[in-house]
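Engineer: Given next are the chains, with one letter for each unit.
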Amino acid sequence: MPNSAPVCPVTEKHIRIALVGQPNVGKSMLTNAISDARLHVGNFSGVTVEKSEVFFDYKDYHFTIVDLPGTYAFTDYSIEERVTHDFLCNEAYDLMINVVDSTNLEKNLQLTAELMTMNKKMVLALNMSDEADREGIVIDYEYLSKLLGVAAVRVSAAAKLGIGSLIESVIAVHEAPYQEPKLVFSEAVEEEIGLIASYLDEHRFSAVISNRNIAINLLQNEKKTYRTLHDLPLWTELQPLLIEADRHIEMHHDTDDVKEVFAEEYAAFIRGVITETVRYTEQPVEKKSPTERVDDLLIHPVLGIPIFLFLMWGLFQLTFEIGNIPMEWIDAFFGWFGGTVGATIPNADIRSLVVDGVIAGVGAVVLFTPNIIILFIGIALLESTGYMSRVAFLLDGFFHKFGLHGQSFIPLVTGFGCSIPAYMSARILKNDSDRLLTLFIIGFMSCGARLPVYVLFTGAFFAPSVAGNVLFAIYIAGALIGLIAAKVLKMTAFHGQDEPFVMEMPKYRLPSVKLIWHTVLTKTLMYLKKAGTFIAGASMLVWFLSSYPHSHEIEAAYGAKIEQAADERAAAHLTVEADAAQLEQSYLGRIGKAIEPFFTPIGLDWKMAIALQTGLAAKEVVVSTLGVLYAVGEGVTETDKTLISAIRTHIPFASAVAFIVVIMLYLPCLAASVVFTREAGGIRYFIYLFLFTTATAYALAFLAYHLTLMVTGAPALLPH
Amino acid sequence: MRQTVKLTECMKGCRATIVKLHAQGPLKQRLVSFGVMKGARVELMGFAPVKSTVEIKVGRMRLALRKEEAELIEVNADAQ
Ligand SMILES: Nc1nc2c(ncn2[C@@H]2O[C@H](COP(=O)(O)OP(=O)(O)OP(=O)(O)O)[C@@H](O)[C@H]2O)c(=O)[nH]1
Ligand SMILES: [Mg+2]
Chain A
53 MPNSAPVCPV
63 TEKHIRIALV
73 GQPNVGKSML
83 TNAISDARLH
93 VGNFSGVTVE
103 KSEVFFDYKD
113 YHFTIVDLPG
123 TYAFTDYSIE
133 ERVTHDFLCN
143 EAYDLMINVV
153 DSTNLEKNLQ
163 LTAELMTMNK
173 KMVLALNMSD
183 EADREGIVID
193 YEYLSKLLGV
203 AAVRVSAAAK
213 LGIGSLIESV
223 IAVHEAPYQE
233 PKLVFSEAVE
243 EEIGLIASYL
253 DEHRFSAVIS
263 NRNIAINLLQ
273 NEKKTYRTLH
283 DLPLWTELQP
293 LLIEADRHIE
303 MHHDTDDVKE
313 VFAEEYAAFI
323 RGVITETVRY
333 TEQPVEKKSP
343 TERVDDLLIH
353 PVLGIPIFLF
363 LMWGLFQLTF
373 EIGNIPMEWI
383 DAFFGWFGGT
393 VGATIPNADI
403 RSLVVDGVIA
413 GVGAVVLFTP
423 NIIILFIGIA
433 LLESTGYMSR
443 VAFLLDGFFH
453 KFGLHGQSFI
463 PLVTGFGCSI
473 PAYMSARILK
483 NDSDRLLTLF
493 IIGFMSCGAR
503 LPVYVLFTGA
513 FFAPSVAGNV
523 LFAIYIAGAL
533 IGLIAAKVLK
543 MTAFHGQDEP
553 FVMEMPKYRL
563 PSVKLIWHTV
573 LTKTLMYLKK
583 AGTFIAGASM
593 LVWFLSSYPH
603 SHEIEAAYGA
613 KIEQAADERA
623 AAHLTVEADA
633 AQLEQSYLGR
643 IGKAIEPFFT
653 PIGLDWKMAI
663 ALQTGLAAKE
673 VVVSTLGVLY
683 AVGEGVTETD
693 KTLISAIRTH
703 IPFASAVAFI
713 VVIMLYLPCL
723 AASVVFTREA
733 GGIRYFIYLF
743 LFTTATAYAL
753 AFLAYHLTLM
763 VTGAPALLPH
Chain B
1262 MRQTVKLTEC
1272 MKGCRATIVK
1282 LHAQGPLKQR
1292 LVSFGVMKGA
1302 RVELMGFAPV
1312 KSTVEIKVGR
1322 MRLALRKEEA
1332 ELIEVNADAQ
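For the protein sequence lines, the chains are A and B, in the order given.
Be aware that the first sequence starts at 53, since it is given in our numbering, and climbs by one per residue.
Be aware that the second sequence starts at 1262, since it is given in our numbering, and climbs by one per residue.
One thing to keep in mind: the hints can contain errors.
Said to hold, decoys possible - What follows is a list of derived Cβ distance ranges for each label pair:
1) E1270(B) with G733(A): 25 to 35 Å
2) V1266(B) with H255(A): 28 to 38 Å
3) V1266(B) with A515(A): 56 to 66 Å
4) M1272(B) with Y113(A): 49 to 59 Å
Bear in mind the hints are in silico, worked out from the structure with no lab data behind them.
Here a beta-carbon is modelled for each residue, glycine too, at the ideal position from N, C-alpha and C.
Using the sequences and the hints given, assemble the complete structure.
Structural biologist: Right, dumping it as structure tokens:
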């Protein structure tokens, strides 16, 4: 009989694992340790806000690991909690790995107990065993396994210990039939569970799940079980039984909140299990832990905030001082490279495309890689040491006055790196109006891609000794304007209730060099990749638009003048003039001239206006556009060809200030705007954001421009 | 029996046992999921600037709370 039996030559075995646990227990790091992935890891709650899948093979199994956002309890209040909740309830997976922090089992097992009623195969990964060893915590894994009825494995994601046995035990649990975990409740609750279960038994009710477990879920008001049984005939008799049971339990616990009842039940159960299985060789007596000693200083009520500001100041100082050391070499390299490559290209137009377009544009962006790296290191340290939550704690009172939530600090700081993860990270805010408010001001935290513009301009206009301070001032100004904007928005658009501030403060951890290296390397490579692809493309476009059409009249007219020039200096001067005239009548020049009137009041000429517009695609393009525009415009006669000196000679100081203000405040780049629109929940929010940022940027740039003119006594830019 | 007090009425460094949570709804559930529940032991670690926020220790975990939330936690403070 052909074609009748299903043919399956290779039975591929798949295991799909959901990684569940409370926040900051090392789920993402464990995923990385198992599979060589590069998920984002950080020492605060709410690093992961979106599920991510990772694949790997082991023996003859294909594994899929789904790393989920951490959740303290099985609830669905905030978006990130909802991601986990919905995944566990609605999606297919074979098994959960419940990751817990071995140094804080009491709190972590609370979630475990909740998960134990979910009728899913489960392996308990007791992570951070290296820290547990250091803190003198000894766990009897076998006995713990036995008491819970769940396989328990000792692992350390950081030290890569126990990873092999974890996978082996996943396979063993996967291959074995489902075994119900052992939860034990207080006598009062057990009695009610017994009554309901035996009622179900008597009526010969049977499901995949044991009747005991159904009884537990009914008492917990678990929606799905409720819904299923609600439609059955036996419900009419079951319901009064349940009501009676609830009444007994609530009376016994002296509360009318089942969630609280069960939390207390689980806590009592867990305390029992821990007494049996965990030993503390070092009593945590009056001695202060290292974390507490560091905290004495870092979250000191008086010194805390000054210390934070000092550290930030130090970071920007380093960004400028150290970042600028290799700058000359990179600049020289691209100069040499452009010259060398240019010499091999006979065609003048193509040569200009490659040298003045691609190499000048990409070079201008790559130039700032060292600065970006230092900024990234700073952010990585903030994220991975545990300091982030401390600053949120310190600033909460202050933030609250401006209508923000202390935890907004986390997305806002992330915004100094890149706005995209920052928009995502705002998901940790439970309250929607807090979240929207934060989304609206994230753009005011200058992202890493804007750093090059600032470094370029501060480098051009200030002595190196103060440039770092100016850089710091720019960032602080952006943040302060963001706070004021938040206050205004809170009073007008987003009133809404104040959300409670309840946040875990993780212990301090010394991040490994490897972790920092990976984080920084990944981000830096992304920056360089963007320079080599997107920025190179954009530079070509800018080059094309600024080189064509080529006016032969101008060429002829200046050609004649140059020949009659009195000396070489005059000839050189004329050449520059000719190039400028060519540029002004190019496509880009014409566009620039058309929009210039709008920018004249804030002191920007058409080149700067164009650079701003291209920045809407990506902020790095601002520098590359300036690079191309000044390279094309300057021709070859300019003796000092660096971009910095071009900026210094061609842009008046007041205009530069206005330019910085706009860069600081206007619309984030295209990719970020897309993410913003998605996270905020609709295109109309994007329109608000556009209007809001544009109005703020324009008004403040106008103010800054005229104030600077007044102070410096320089004449205003006049319309041409 | 000693009198119970609000957690915020304790001094820095005081240790206490939680008697009752006066929070409601989601806030209560959040606190409970952090282990802040009846019978749990807490220690008041300190205040943030302007005293608007407090840091407490529950079990082995440190938790930051706003004053308004901490006021909802009724405790029985240990004798000093
Ligand atoms: N000492 C030690 N530290 C660890 C271990 N596993 C993770 N960490 C650290 O714990 C912190 C949290 O790690 P993550 O992997 O980001 O935690 P997570 O569970 O994914 O957190 P969320 O995504 O916020 O839910 C990081 O600072 C890690 O470096 C471990 O086994 N030992
Ligand atoms: Mg994570």
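Engineer: So which hints don't hold here, by number, going up?
Structural biologist: 1, 2
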